[in-house]
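Novice: In case you want the letters, here they are:
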Amino acid sequence: MVAGPDGDGERDQDLDLVTLIVARADPPPSATPEQSALLRLCTTPLSVAELSAYLNLPFSVMTVLLTDMLAAGLVTARAPIVRQSVADRSLLEAVMHGLQRL
Amino acid sequence: MDFKGSDTIPGPRTEDQLPHTAAAAVKIVIVGGFGVGKTTMVGSVSEIRPLTTEETMTQAGIGVDDNFGSETKTATTVAMDFGRISITEELVLYLFGTPGQERFWFLWNGLFDGALGAVVLVDTRRLEVSFDVIGRLEERGVPFVVAVNTFPDAPRYPIDELRTALDLPDEIPIVECDARRRASSRDVLMTLLRFLHALAMTKAPA
Ligand SMILES: Nc1nc2c(ncn2[C@@H]2O[C@H](COP(=O)(O)OP(=O)(O)OP(=O)(O)O)[C@@H](O)[C@H]2O)c(=O)[nH]1
Ligand SMILES: [Mg+2]
Chain A
1234 MVAGPDGDGE RDQDLDLVTL IVARADPPPS ATPEQSALLR LCTTPLSVAE
1284 LSAYLNLPFS VMTVLLTDML AAGLVTARAP IVRQSVADRS LLEAVMHGLQ
1334 RL
Chain B
8 MDFKGSDTIP GPRTEDQLPH TAAAAVKIVI VGGFGVGKTT MVGSVSEIRP
58 LTTEETMTQA GIGVDDNFGS ETKTATTVAM DFGRISITEE LVLYLFGTPG
108 QERFWFLWNG LFDGALGAVV LVDTRRLEVS FDVIGRLEER GVPFVVAVNT
158 FPDAPRYPID ELRTALDLPD EIPIVECDAR RRASSRDVLM TLLRFLHALA
208 MTKAPA
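Quick mapping for you: the protein sequence lines, in order, are chains A and B.
If you read the first sequence in our numbering, its first letter stands for residue 1234, the second for the next number, and so on.
If you read the second sequence in our numbering, its first letter stands for residue 8, the second for the next number, and so on.
By construction, these hints were calculated from the structure, which means they are not laboratory data.
Note that beta-carbon positions come from the ideal geometry of N, C-alpha and C, so glycine has one too.
Do not take every clue at face value.
Unchecked claim - Reference listing, derived: stretches of chain B covered by chain A, where coverage requires no fewer than 3 residues with Cβ under 8 Å from a Cβ of chain A:
1) 31-37
2) 99-111
As the list claims (entries may be wrong) - From the derived model, a few chain B residues whose C-beta atoms are all more than 12 Å from chain A:
3) D23
4) F41
5) G42
6) D130
7) T131
8) R132
9) L134
10) D139
11) E146
12) F158
13) T171
14) A172
15) L173
16) L175
Chain A on its own, in the form it takes in the complex (with noise of 0.2 Å):
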């Protein structure tokens, strides 16, 4: 389902805008401030783009938080489904169906 972006093999998880991150348990006691807020408020899945917007952090700036609080297993990500040169219908179908019912 994946397609990464060419030239970007280094790093196994790039964090995009609406990669939906969720917290993995409560603010450990070695937690900076800003991963604890971070961990309050995506005890439900939330989106790189949300957080950057509640914390008022530039999104480069919520990418290096991010991949620290990755690597120390704080949360974990749900990548995006991107777009495909030959597009996945039943999700454009899904999308559809979703929108219809707006």
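For chain A, the structure is supplied; the task is to place chain B with the ligands on it using the hints.
Specialist: Just chain B with the ligands, lined up with the frame of chain A:
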């Protein structure tokens, strides 16, 4: 930013929280010139109050003269509005509004990578911006449709004339819309999805 009082950082309202089952997101970008109605369109279809994320311009992208002082430098931060629509318990759609002017194209890398497609929002009083945006999307291979936001004081052109003016191939849909109305904005998104679906059919016939 002071995180000491992080208990008070506003998060999503309870009713705005995604279910734990939310497994993946997709994104669509709404792009157009200043004041064309991007934020209005995001807001009219979003299930959450539109939020704003910021990005800072990379060094290469700035033409800031130090003599202008710190006020000028803050202009290197660009805000993007976005909204959200839950599609199913597992799938979430995010909509981003982004300015179309060339000096904001540095934002496009992370934004358009992986996006399902784009809506080019057009104000007939300022077609030039759309022209550049369309060229750029074509270069990047991002599929898009064109939506003409109908402002009362803007000139109305037949779709054919707009197609010629924008130099758009016949297969790319052009629709009129009123970004303030949810149903109208939703129809624009449906037009994009149908277009993407048709593209998928031609690329991989069943
Ligand atoms: N008549 C009419 N007015 C609209 C429509 N869409 C937006 N507006 C108005 O146009 C103004 C600009 O709309 P915005 O949604 O802020 O435009 P924008 O593209 O986000 O603008 P910037 O972010 O400043 O570039 C607002 O006052 C809207 O109420 C429309 O479809 N019809
Ligand atoms: Mg706006």
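Novice: Are the hints correct? Go through all of them and say.
Specialist: How the hints compare with the structure:
no.	hint	result
1	31-37	holds (count 4)
2	99-111	holds (count 4)
3	D23	violated, 9 Å
4	F41	holds, 21 Å
5	G42	holds, 22 Å
6	D130	holds, 24 Å
7	T131	holds, 26 Å
8	R132	holds, 29 Å
9	L134	holds, 27 Å
10	D139	holds, 22 Å
11	E146	holds, 15 Å
12	F158	holds, 24 Å
13	T171	holds, 29 Å
14	A172	holds, 28 Å
15	L173	holds, 23 Å
16	L175	holds, 20 Å
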